[in-house]
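Novice: Model the full structure from these sequences, guided by the hints.
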Amino acid sequence: MSTLIQVDARKRITLGSLAHHTQYIATEQSDGSVLLEPAVVMTATERAFLADETLSAALARVNATPQNRRTRQRSRASEAA
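Remember, this note's numbering sits 2 above the position in the sequence shown when you count from 1.
No incorrect hints appear here.
Simulated restraints, written as ranges between beta carbons of each label pair:
id, residue 1, residue 2, range
1, 72, 6, 53 to 61 Å
2, 71, 9, 48 to 56 Å
3, 35, 79, 50 to 58 Å
4, 73, 44, 22 to 30 Å
5, 55, 23, 27 to 35 Å
6, 65, 16, 36 to 44 Å
Below, simulated SDA-like cross-link-like pairs (lysine to any residue); rule was C-alpha separation at most 20 Å, straight line:
id, residue 1, residue 2
7, 13, 38
8, 13, 26
9, 13, 33
10, 13, 35
11, 13, 34
12, 13, 37
13, 13, 25
Please keep in mind that the hints were generated in silico from the structure rather than gathered at the bench.
A quick note: this is a predicted structure, and the numbers were derived from the prediction, not measured.
A virtual CB, placed ideally from N, CA and C, is assigned to each residue, including glycine.
Specialist: In C-alpha cells, the structure reads:
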C-alpha cells in the first residue's frame with residue numbers, strides 16, 4: 003500500500019495511521035528514499051546484560067519458576083534519617 007505524505011514548511015511529516023510504533027530509526031537510502039524502522043531504545047547496561055548468556059539463562063530460569071522468587075526489603079532513606 004502506498005500513501006502520499008506531504009512535507010510541511012519545516013520539513014516534517016505526519017505518519018498518522020501508518021505509525022504503529024512510538025520510535026523509529028530513519029535511514030536515508032542512496033536513491034533519496036527514507037526507510038523508517040521500528041526502534042527500541044535501551045541503556046548500555048541493558049545491552050550488556052542481554053549479551054551475557056549466563057545472566058540471560060539465569061533470568062530465564064527465574065521467569066520459568068516464579069514461585070521460587072524472593073522479594074527483598076528496600077531501605078527507605080526517609081526512615082533512616
